[in-house]
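Since the structure of chain A is provided, determine the placement of chain B on it from the hints.
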Amino acid sequence: MFATGIAEEDRKGSYVDRSISRPCNFEISQQSPVTHTQYPYVTGTSVLGIKYKDGVLLAADMAGSYGSTVRYKSIHRLKAVGSHAVLGASGEISDFQQVTQYLDELVLNDYMWEDGNKLGPQEIHSYLNRLMYNKRNKFDPFWNSLVLGGVENGQKYLGVNMIGVHYKDNHVATGFGNHLARPMFRNEWREDLTLEEGVKLLEKCLLVLFYRDRSSINKFQIAKITEEGVVISEPFALKPNWDFKAFHNPTLGADGSW
Amino acid sequence: MFRNQYDTDVTTWSPAGRLHQVEYAMEAVKQGSAVVGLRSKTHVVLATVNKASSELSSFQRKIFKIDDHIGIAMAGLTADGRILSRYMRLECINHNFVYESPLPVGRLVLQVADKAQVCTQRSWKRPYGVGLLVAGVDQTGPHLYQNCPSGNYFEYIAFAIGSRSQAAKTYLERKYETFSESSREGLIRHALLAVKESLQDEELTTSNCSVAVVGVDESLTILDARNLKLFIDGLDESASVPAEDKQADEDESKEQGLGTSDGSGSDVVPMETS
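As they're listed, the protein sequences go chains A and B. Going letter by letter, the first sequence gives residues 68 to 325 in this note's numbering. Going letter by letter, the second sequence gives residues 182 to 455 in this note's numbering.
Derived by calculation from the structure, the hints in this document are not laboratory data.
Sample of chain B residues lacking proximity to chain A, with all beta carbon distances greater than 12 angstroms (derived):
| hint | residue |
| --- | --- |
| 1 | Glu208 |
| 2 | Lys211 |
| 3 | Lys232 |
| 4 | Lys246 |
| 5 | Ser344 |
| 6 | Leu416 |
| 7 | Asp417 |
Derived DEER-like restraints, expressed as beta-carbon distance ranges:
| hint | chain 1 | residue 1 | chain 2 | residue 2 | range |
| --- | --- | --- | --- | --- | --- |
| 8 | B | Leu271 | A | Tyr234 | 26 to 32 angstroms |
| 9 | A | Tyr169 | B | Arg199 | 40 to 46 angstroms |
| 10 | B | Asp414 | A | Arg197 | 46 to 52 angstroms |
| 11 | A | Tyr106 | B | Val397 | 46 to 52 angstroms |
| 12 | A | Arg253 | B | Val397 | 34 to 40 angstroms |
| 13 | A | Asp236 | B | Glu362 | 38 to 44 angstroms |
| 14 | B | Ser234 | A | Asp236 | 54 to 60 angstroms |
| 15 | B | Glu399 | A | Glu270 | 42 to 48 angstroms |
| 16 | A | Tyr106 | B | Val299 | 43 to 49 angstroms |
Residues on chain A that point at chain B, a partial pick, calculated with CB under 10 angstroms:
| hint | residue |
| --- | --- |
| 17 | Gln189 |
| 18 | Ser193 |
| 19 | Tyr194 |
Just so you know, even glycine gets a beta-carbon here, dropped at the ideal spot from N, CA and C.
Same shape as in the complex, but just chain A (with noise of 0.2 angstroms):
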């Protein structure tokens, strides 16, 4: 038996005598590494984001998987930071809540300044990359793929972040948004797309992964931002289409159960 921990009556610094009270092998007692959590418990899947005419347009369902169950279904996966940015977040949901804490956090601190000075996309972005990276090296990761998009003095913004990795691009996504949603936006995206253009693009693309990702639901938030600021829509369902002649008959074809 190693003595690992510390029996509560020795913390509190009463007498104990443990040469009887427990058997104890007295072999030198390895204390095992600290470790912390490192798999997500309540997860929340893709985060779409493109570069528009007059700025960018995120978009996220509203769901956190608790494994494969689909357990919370108002999850807000779309948050503003500061007036002109919005971070979108897939993985683990608490740990993305905690990164919100520490940019409010930052937003706060700005604000108090009184100096005119702002925390702009591009600040913030670095700001996550930093915190993203320390924490990867610690063995103590956020479990998140970041998406943050914002706009400052007209130029816009868009930028990904996964331990530390970060890159940036006219559109990008995270988790199944890779697959599915970046090949759609290959062929479709245009720098002057318009933000009746830009929606219609993004809903295309959160129909597929509804039709295909399994941790996904039909409950959708699209967030706008520009130079006026940041527009985070009301829940949205899209109208999916189960009307395919495949899905009429499904047993057509099977010979039965053996």
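Chain B in isolation, oriented as in the chain A frame:
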């Protein structure tokens, strides 16, 4: 200022409610050679009087680049000033590392002021004996600040500190209303004319003054001897403003492989330009 029994310790108040040690520290600033700063809507200029302790020596460096967007000029104990400039450089670089963006000037100035305040409230420390004029540009535009040994800081459109700074301040007070719309060259001219007031009898040459500029689109540059000479010569013609020798400047910097160079005086012992 007369000696009295309440001035031995920085942590001892006088009955009149003063901290004499802090005030003596500000005296040290007044003993240093003059430093002038002024800003327009787009640029901030710092100019200093360089005193060489003897004809054989080189002058004390009083202008320091803190970051691409911030520079300082100091008056007083330049050794203390070097420590502060090292601190400021670290803060800027740390901020840049985390946020990949320049540290706002006002915040840096506040941090320096807080650092100075600590030294006015510890019995085992002494106040910094240096006054700083901090020139910088950030998101909210160009700024000029002064940091005192007392831990106070102020923002200015134009200011001067150090010995005979009153003469420079008088000149600035006369002209400050034109600074906001000034061109870069005009601003440098005003700075040199203000410094000239502080020199009183001496002639203004490239070896007894230094000038640094930072602007909305311009990283902090300390004018080199050649360009400084152009400006100084141009002071005599009141109307015209000299165009900077930009092409030659570029050739020289290509040789050196760097963008900026020290304001080393051509008449003094040649210093390493790096």
